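Chemist: So in our numbering, the last one in the sequence shown is 588, and the numbering has no gaps at all.
Calculated directly from the structure, the hints in this document are not laboratory data.
Please note that the accuracy of each hint is not assured.
To be verified - Pairwise CB distance ranges, derived in the manner of DEER restraints:
hint: 1; residue 1: Val-275; residue 2: Asp-493; range: 27 to 35 Å
hint: 2; residue 1: Glu-397; residue 2: Arg-571; range: 33 to 41 Å
hint: 3; residue 1: Ala-515; residue 2: Glu-397; range: 46 to 54 Å
hint: 4; residue 1: Glu-420; residue 2: Gln-574; range: 36 to 44 Å
hint: 5; residue 1: Glu-295; residue 2: Gln-443; range: 16 to 24 Å
hint: 6; residue 1: Ser-298; residue 2: Asp-355; range: 19 to 27 Å
hint: 7; residue 1: Gly-513; residue 2: Glu-401; range: 51 to 59 Å
All figures in this text were calculated on a predicted structure; none of them were measured in a lab.
Quick reminder that beta carbons are idealized off the backbone N, C-alpha and C, glycines included.
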Amino acid sequence: MSMAGSFEKPTVEVKLEAEGGGRHAGSAYDSEAMSALPFGTCELERFELNDGVILHLTRMHFREETEMEIGNTQPPGTVSFMGCASGVVHYDLNGCDGVFTNRDNLAMHLPEHRGTFRVMPGKAVCAAGICLREEMIESRLGFAPPKAMHRLFHMEERTVQHFETRPEVRFLCAMMNDSQLGGETRRLHLEGTVNALLAVYCDVIRQSGLKEDERAISEHDRSTACAAQDIVLSRLADAPGLEDLSKEVGMAPRRLNEVFRQAFGETVAEFTRNARLDEAARRIKLERVSIKQAAWDAGYRHVANFSRAFQSRFGCTPGDHSRRP
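Work the whole structure out from these sequences, hints included.
Modeler: See below:
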């Protein structure tokens, strides 16, 4: 296989402003500066792969709610497909706004856009974006894209649409971001993973189509949801249930669940369970804790139940995750 292309880093400006007043401005791909922010970390990578396909990898973790403004990263004539392994991001892209989580994916046709993203604190964002032209899909996969995807490539107006996700998407996005490979070995790995991700996207869009985001939320409700999220994350091992949490933030349980889903794409119970699984995945990978210990700390008394939940969320078993490069 030809490994034409480069890992070049074009000049793209980024501005970050944390809720507490911390600020940063500079190159989006200055990894040294972006990984040592006083209010968190932000790592952005860009790869130019075969056929002119552009891959963007994103890893962010902020201790405060942070707004990020970034220059255009989408080449003219392309559509971007974004998948998310974890995290919650509110976006405003030239008037197209909504919420991006690991419960769905984005398809964006945004000529010459600048983007503003509001990143929720305490939960790591891990995402991957693929920018490409329509003909690149057929040359890579050997078949034409589905009709809904075809129409997106030929739209004249800017648009951001959502489509369903699958565990494989979260797994592939995390695998590309977590890879410890380097040089040509990493490029080969990324090429294959991008093809796998595109194949999943085509299958999902063929079956379920694309839709506009319908999650609108007031500033008051968003603040309440963030306060509830902070409580859950700060006491994750013994997080309060919906009834107790609603009393702490001063909102009726049913309403809180609805607002929480609008803000983060999950109910309180779903968010708590997934946050515990995310923490378990991190500890298995980075701290090398045993699967039994990670299961116990995540609130599972039986490893088999933990393994099923883990595979449903990440598309792989805990053992496979621990051995992943």
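Chemist: Are the hints correct? Go through all of them and say.
Modeler: These are the hints, each one checked on the structure:
1. Val-275 to Asp-493: 27 to 35 Å: Hint holds: Cβ distance 31 Å, inside 27 to 35 Å.
2. Glu-397 to Arg-571: 33 to 41 Å: Given about 38 Å between the Cβ atoms, the range holds.
3. Ala-515 to Glu-397: 46 to 54 Å: Given a distance of about 48 Å, which is inside 46 to 54 Å, the answer is holds.
4. Glu-420 to Gln-574: 36 to 44 Å: This hint holds: roughly 40 Å between Cβ atoms.
5. Glu-295 to Gln-443: 16 to 24 Å: holds, 19 Å
6. Ser-298 to Asp-355: 19 to 27 Å: For Asp-355 against Ser-298, whose Cβ atoms are near 25 Å apart, the range 19 to 27 Å holds.
7. Gly-513 to Glu-401: 51 to 59 Å: holds, 54 Å
Of the numbered hints stated above, none is contradicted by the structure.
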